[in-house]
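There are 2 protein chains.
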Amino acid sequence: MQQLAENKCFDGRQLRYSHASKVLGCVMNFSIFLPPQARDGKVPVVYWLSGLTCTDENFVTKAGAQRYAAELGLAIVAPDTSPRGEGVPDDAEGGYDFGLGAGFYVNATQAPWSRHYQMYDYVVRELPALVADQFPVDDKRVGISGHSMGGHGALTIALKNPGRFRSVSAFAPICSPLNCPWGEKALGGYLGPDREAWRAYDSTALLAQASERLPVLVDQGDADNFLQEQLKTHLLQEASGAADYPMTIRMQPGYDHSYFFIASFIGEHLAFHAGCLY
Amino acid sequence: MQQLAENKCFDGRQLRYSHASKVLGCVMNFSIFLPPQARDGKVPVVYWLSGLTCTDENFVTKAGAQRYAAELGLAIVAPDTSPRGEGVPDDAEGGYDFGLGAGFYVNATQAPWSRHYQMYDYVVRELPALVADQFPVDDKRVGISGHSMGGHGALTIALKNPGRFRSVSAFAPICSPLNCPWGEKALGGYLGPDREAWRAYDSTALLAQASERLPVLVDQGDADNFLQEQLKTHLLQEASGAADYPMTIRMQPGYDHSYFFIASFIGEHLAFHAGCLY
Numbered sequence: 002m003q004q005l006a007e008n009k010c011f012d013g014r015q016l017r018y019s020h021a022s023k024v025l026g027c028v029m030n031f032s033i034f035l036p037p038q039a040r041d042g043k044v045p046v047v048y049w050l051s052g053l054t055c056t057d058e059n060f061v062t063k064a065g066a067q068r069y070a071a072e073l074g075l076a077i078v079a080p081d082t083s084p085r086g087e088g089v090p091d092d093a094e095g096g097y098d099f100g101l102g103a104g105f106y107v108n109a110t111q112a113p114w115s116r117h118y119q120m121y122d123y124v125v126r127e128l129p130a131l132v133a134d135q136f137p138v139d140d141k142r143v144g145i146s147g148h149s150m151g152g153h154g155a156l157t158i159a160l161k162n163p164g165r166f167r168s169v170s171a172f173a174p175i176c177s178p179l180n181c182p183w184g185e186k187a188l189g190g191y192l193g194p195d196r197e198a199w200r201a202y203d204s205t206a207l208l209a210q211a212s213e214r215l216p217v218l219v220d221q222g223d224a225d226n227f228l229q230e231q232l233k234t235h236l237l238q239e240a241s242g243a244a245d246y247p248m249t250i251r252m253q254p255g256y257d258h259s260y261f262f263i264a265s266f267i268g269e270h271l272a273f274h275a276g277c278l279y
Numbered sequence: 002m003q004q005l006a007e008n009k010c011f012d013g014r015q016l017r018y019s020h021a022s023k024v025l026g027c028v029m030n031f032s033i034f035l036p037p038q039a040r041d042g043k044v045p046v047v048y049w050l051s052g053l054t055c056t057d058e059n060f061v062t063k064a065g066a067q068r069y070a071a072e073l074g075l076a077i078v079a080p081d082t083s084p085r086g087e088g089v090p091d092d093a094e095g096g097y098d099f100g101l102g103a104g105f106y107v108n109a110t111q112a113p114w115s116r117h118y119q120m121y122d123y124v125v126r127e128l129p130a131l132v133a134d135q136f137p138v139d140d141k142r143v144g145i146s147g148h149s150m151g152g153h154g155a156l157t158i159a160l161k162n163p164g165r166f167r168s169v170s171a172f173a174p175i176c177s178p179l180n181c182p183w184g185e186k187a188l189g190g191y192l193g194p195d196r197e198a199w200r201a202y203d204s205t206a207l208l209a210q211a212s213e214r215l216p217v218l219v220d221q222g223d224a225d226n227f228l229q230e231q232l233k234t235h236l237l238q239e240a241s242g243a244a245d246y247p248m249t250i251r252m253q254p255g256y257d258h259s260y261f262f263i264a265s266f267i268g269e270h271l272a273f274h275a276g277c278l279y
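Those protein sequence lines, which keep their order, are chains A and B.
Heads up: the first sequence runs through residues 2 to 279, numbered per the numbering used here.
Heads up: the second sequence runs through residues 2 to 279, numbered per the numbering used here.
For the record, the hints were derived by calculation from the structure and aren't laboratory data.
Just so you know, not all the hints are guaranteed correct.
Since copy identity is lost for identical chains, a pair holds within one copy or between any two.
Said to hold, decoys possible - In silico SDA-like pairs for lysine to any residue, Cα to Cα no more than 25 angstroms straight-line:
| no. | residue 1 | residue 2 |
| --- | --- | --- |
| 1 | LYS43 | GLY95 |
| 2 | LYS9 | GLN229 |
| 3 | LYS9 | THR249 |
| 4 | LYS9 | ALA272 |
| 5 | LYS63 | GLY268 |
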């Protein structure tokens, strides 16, 4: 593990590292914010999963989360959104919504993607093990959140691992990859044409089988250009109702898909996680 | 004036515009945040001047200022850092510290710079007149702040115009262009070799002649790589002492020159301005 950057921020430390990922077969960067409370002992940690085209840095520079994390005593880990590097295949058509920057937090089963695109295992297992080993975070008090593709990642990962995560939140998540063009392209590519396999990475399908109940908070802007075609919040609302799985799903009037939306509500999301982790 | 972007943020509006600047002889972009209080009437405004290489967007996306501005009821205007466009000359050597992105908030007197590089007049007169005409801001309650080159800009502009501005603050300002390599290159280029002319844009020189006293707040990180060679906070401390001009100048242990430093203290700076403007 190699340190790429360190910046003092709100009396805590914003750090960036690269490391060789076994699971992904490439070198990966990730960022971690350690709040001032981490000087005195282990703190709970929230994993943040970013959306299409992002790296680990977008959230770190744009969300303004450090202020709240420093107040609440939360570490925040931000991984990259896909494997990276020369040997990693990318969308042949150069699309922003598949390949590099668009790992969708799944384990690919189809060639040539299956060699590197194992973002589910990376986020659920490899990275948390590294983080718990190297930093003063409490691996038993873990929340997860994300935006858009990362909101889909946070919801599906938490629903599949209710013992690993104590809280989950999402901003403008892709609620059902089975039912939107982004999902069709990504899951069709990474998992192949058999749509049954996609259900393992679809929040609405996973809800129907969920045994445990986690606290869930979702914010969605009603001026979000992707709401109707891609995100489809109503599918999550319907599925949680049908599964009798309580969720707080809020429509925020006038907000769009940008980091200005995330910045406006990240404080409430982190307070929600801190309430579950402290 | 043409709107380029609008994003709801902390219940206010983050806006971006382009307009044809007469003073600069080119099309310029600027950003303005209007807090929710601006729906009910005019609000005070803080001008933010960015540092070398920045545009109007860096502060808007990285500083996390909107949260505080929305709480305090402040508009924030962020201009670009130099004239822009095809006809605007740039540093022949491609340096980041002169020409495009490096206007230094002066009125250039030397060819070929004098044709476009009139950032002082743009920031002091042309842009505020446009803003006061087009937005619900109170042109009698105006503060100014900035970072690095923009901290130099904020201090010099406020010292030269104590009737226009009621408060001034700076992050890691270039305290004396007369006494650092960045200043030598920029003022030498824009104003020519006669160093007497530079004194009109040097905070330490201006302090000696200041008649009125404005509230001044300066924050400087002591882990800032530019502190010793370029910023030289001690020159500002000495000049304010010699001029009997009270200033709050704080050394912040462990902080560097980045936006993580600005984000950590922008709330205190905006509260300082609000205290002077409300």
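- Query: Which hint numbers doesn't this structure obey?
  - Reply: 1
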